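For reference, the chains in residue letters:
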Amino acid sequence: MPVIVYAVFDSRQINDTLSSIDVLPSGSSVELEFISANELTAIVSVQTVNKPPDNQQEVLAYAGIVDKISTKYSILPMRYGSVVASYTDVPVLLEKNSDLIRNVLNKITNKEEYSLRILFSNQHHSDIFNEECVDVPQSLPGILHGDTETKNYLLKKYQKHRAEEKRIQYVEKIQSFVAQDLKKITEYVDFNKRLSPALIVDAVLLVERSAKGELLSLVAQIQSMYPQYNVILTGPWPPYNFAQIKLE
Amino acid sequence: MEDDKVLFYAGSSNEIIQELEKMNSGIQGRINATPENVESGLAKLVLTLVELIRKLMEKQAMRRIEGDSLTEDQIENLGETLMKLENKMDELKKIFNLTDKDLNLNLGPLGDLL
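First to last, the sequence lines map onto chains A and B. Count the first sequence with our numbering and you get residues 71 to 318, in order. Count the second sequence with our numbering and you get residues 294 to 407, in order.
Read the hints as simulated data drawn from the structure, not as lab findings. Computed from a prediction, not measured in an experiment: that's the story for all the values here. We put the CB at the ideal spot given by N, CA and C, even for glycine. Hints may contain errors.
Computed list of chain B residues with no C-beta within reach of chain A, every gap over 12 Å [unchecked claim]:
| id | residue |
| --- | --- |
| 1 | F301 |
| 2 | V339 |
| 3 | L340 |
| 4 | L345 |
| 5 | I346 |
| 6 | G360 |
The calculated lysine-lysine pairs, modelled on BS3-like cross-linking and capped at a C-alpha distance of 30 Å, are [said to hold, decoys possible]:
| id | chain 1 | residue 1 | chain 2 | residue 2 |
| --- | --- | --- | --- | --- |
| 7 | A | K236 | A | K142 |
| 8 | B | K298 | A | K253 |
| 9 | A | K138 | B | K298 |
Make a model of the complete structure from these sequences and hints.
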C-alpha cells in the first residue's frame, strides 16, 4: 500500500510524544503514523484512495496537515505527491538521505517562513507611470530628432522603453532598502521575480520563532516609511522555500 | 488564503485581493492543447515565441539608439523593419483570434515570459 509522507523531523529534538490528535486539523479523517530511522522521524499516512494528482481538495488537505504540524514543530515539509511504495521504504528513504535532511533541519529548526509583499496601490502606480512616460525632448538621442513615420514610431518605442527602465530602477531601489531592513532580522531572505507589475517586493523570509514580534514591528515600520504602498505580511508558513532538497 | 495567515496589511484589502488574483490567473495561462484545439494551441505557442524574439529585437534596437551608434539610413531601416514586424504580428494575431494577453506563458517561479 502506498504511503504518503508529510514531513520529517529530528527525533532527538521533539521529546514529547506526538499523536495524530496533536497535529491534525480538526475534522480530518487522516490517520497519521510515525516511522523513525537514524534519529529521524517521518510523519506518514496510508494512501487509501487513488485520486487524480490535480485534485485540489487533496492538495489543500495535504497542505493543511503540513501547515498544522509546522506551527508546533520544526519540520522538513514535504511537497504534495511525496509518496513511497510501502512502509518499508520510509526508513530506507530516511537512512539514505539522513545527512541532507539533517542539514536542512539544522537550518530551519525553531524558525518559521513568512511572505512579505509590497504592492503599488492602483492610484500610485498610474501616477508614477504617467509621470515617467513623459520624456523631455532634450533628453532624447539626437538620431531620433526628425519628422518621419519611422522616427515617430521609434520615438514612441523609445519613450516606452525609458519609462520601463525608470520603473525598474525605482523598484530595485525600494527592494534594496527593504532588503537592508530585513537583514536586521534574518540572513535568510529570498526575493522572487515579480509576477505582477504592481508588485514591488515579493520576498520570503525564514525567521526565528521568537522574533515574530520584531518582524511585525519592522513591517509596520516599512509601511510607515512607504505609506503610498500596500504592505502585506503572511505566515507563518511551513519553510517550503528554505527546505528545497532532492531526496533519493 | 486563511485570514489568520494575514498578519499585516494596509490599504485596501480589495486591491490586494485583486492583485493576488491577477497573479493566480497567470498560472492558468498555460497552453492547454487537446486534440480539438491543437492547431490554435500550436499557433499560440509559435506566435508567443515569435513575439518574444520581436520584443528582444526591439530591446536591442533601443540599446543601439541609446548607444548613438546608428546612421540616418540605419535608423530608417530599423524603424521600418520593427514597424512591419509589429504590423505582421497584429495580422497573425487577428487570423488566429489571439490577443496580446494570450501571447504569454507563465513560467512558474520565473514569472511571465513576456
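Structure-based check of each hint:
{"no.": "1", "hint": "F301", "in the structure": "violated, 4 Å"}
{"no.": "2", "hint": "V339", "in the structure": "holds, 24 Å"}
{"no.": "3", "hint": "L340", "in the structure": "holds, 20 Å"}
{"no.": "4", "hint": "L345", "in the structure": "holds, 16 Å"}
{"no.": "5", "hint": "I346", "in the structure": "holds, 16 Å"}
{"no.": "6", "hint": "G360", "in the structure": "violated, 9 Å"}
{"no.": "7", "hint": "K236/A with K142/A", "in the structure": "violated, 45 Å"}
{"no.": "8", "hint": "K298/B with K253/A", "in the structure": "holds, 22 Å"}
{"no.": "9", "hint": "K138/A with K298/B", "in the structure": "holds, 12 Å"}
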